[in-house]
Amino acid sequence: MAMLQQEHVGRKPLKSTARISRFSKILRNWQLYVMISPVLAYYILFHYVPMYGIQIAFKDFRINKGIWDSPWVGLKHFDRFFHSFFFERLIFNTIELGLYLIVIGFPIPILLALLLNEAKAERFKKFVQTITYAPHFLSTVVVVGMMMIFLNPRYGLVNQFIGALGGDTVNFMANPSWFKTLYVLSDVWQTMGWSSIIYLAALGGIDTQLHEAARVDGASRIRRIWHINLPGIRPTIVILLILNLGSVMAIGFEKVLLMQNNLNLASSDIIDTYVYRSGILDANYSFSAAIGLFSAVINFLLLVLVNAVARRAGGTSLW
Amino acid sequence: MFNIVVYSLLSLVALCVLYPLVYVVSASFSDPQYIMGGEIWLWPKGMTVDSYASIFKNDAIVRGFLNTLLYTAAGTGLNLVMTILAAYPLSRSDFAGRNLFMGVMVFTMFFGGGLIPTYLLIKNLHLLNTFWVMILPGAVSVWNIIIMRTYFQQSIPAEMQEAAVIDGCSNFQTLIRIVLPLSMPIIAVTVLYYAVGHWNAFFNALLYLSDRKQFPLQLILREILIQGQTDEMVRASTESAIKQQRAVEGIKYAVLVVANIPMFLLYPFLQRYCVKVIMVGAIKG
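These protein sequences, in sequence, are chains A and B.
According to my numbering, the stretch in the first sequence is residues 1 to 319, in order.
According to my numbering, the stretch in the second sequence is residues 1 to 285, in order.
Hints listed in this document are in silico derivations from the structure and should not be mistaken for laboratory results.
Each hint should be verified, as a subset may be incorrect.
Pairs of lysine-lysine residues, derived as DSS-like cross-links and limited to a Cα-Cα distance of at most 30 Å, are as follows [said to hold, decoys possible]: (1) A:Lys65 to B:Lys123; (2) B:Lys57 to B:Lys243; (3) B:Lys276 to A:Lys125; (4) B:Lys213 to A:Lys120; (5) B:Lys213 to A:Lys76; (6) B:Lys45 to B:Lys243; (7) B:Lys276 to B:Lys243; (8) B:Lys57 to B:Lys276; (9) A:Lys120 to B:Lys45; (10) B:Lys57 to A:Lys120.
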């Protein structure tokens, strides 16, 4: 196409004809617009219409009146949320879980990639990769289900092991103080291999001449990792850290919901699960839409902020 | 010395990941009384396929499996068509408005209406408890559109498409006769990505389906493994309480295995192709 375009420009260099040629370009490619229209319709219907529906956060939504005709109530729902008993707990749990996940879950794939990169035995390396990538493809239900089985207070492997050592049975899933650790550890188990792929790719792109030069100068392998490999993958690390920090409050809440029960609620209740409970199960539509909007706006601002900081500090950013 | 540390750490990691998986498979082939007695550490004890037999006798599990197959096949088909329909125009540099269209889609990655407005929309569209609610709300993903668009741009020579146009091909014909036949690798990856997503999805079903007959396998799994609703599993049997309890424990492991059989069969492809896409994306990005 590029060639056709050049021809066009070459023949009609005048500015006034630019608009006409643009129009004829659209006309000539009408089929492309037909192609993309179902996808556009999908995005408008399933993504932008719900954005229009956000206004119920500022209204008292009545099903029989619909979104538009429900009465405006201003910030009533936000006010109620900020002063509710749950507010502090939800914010605290959400942020704590998000940060815990980053502090533990972010560096481990980097370490794994650095280790894999040092393993020179190809077949061993492939073997470790094949195994560590596998849990990525298990569903959240399966991972949480396995956790429940292994941690079962009566028959679970973990408690049988504790029992064999003479310890007391721990009811992990019912204990709020265990919830976040279990969430983070199972997440590391499931995702560390897959998340390491991107760092491995970056490590593969590092110029081997750097390593050769360093070796000639007598640098040890640890020094080469520190001075060559780590700086080499720094841009990748920064980008992924931005993405992770930006979504620190947008935790994959499906898993939280699955691991949640009445006994660990004090530690496992996060903003999204509260929205689900009060909105879908209790049908407080406007109130939960307000909470959802509050968290969506914070997430969005967080991403913009973290990106700006990264750009100023290191010259790497998403946009 | 350095090598010893590297290899032993990696072996430890691999062991930690592998052990739970092996244990589940071993337990599923064991006599449940040994599982409950804590006598299984690595290999099956009292080899039996009873647990599997009770799964195939269980209506809910079998129906869930079939439902999931249906949702996965239909959903992935729609996903693929939609992804191609978006990716091809966006890959063309002479497609006026491509940045606008791309922007409209990418924005939804960062901001959305949220759970409640989306739920109300689905409700107003009368999609609750229908087959379509498992297919339409996730009809396409921006991420896969971007990956496929990039492939079209980089792997299919523009000159080839121009030649087709000069020979009188319309845009539709160019897509079907020239571009798609050259894009089989990326189509395979896209299908795999979407299919795994559908197979593992449970949240839309949880939100939008209340009729158990329509439940996908993951919701049945949730009942059995997480909520412990296994009464129905053994209700029919007239066995003693202890035997019932044993049967339930066995079923838990066997159902985990059965739910992941398709994933296990696909894994060699998943690993090879999907890793490649991430690698390419990482280097280009």
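Query raised in the report: Failing hints, ascending?
Result: 4, 5, 7, 8, 9, 10
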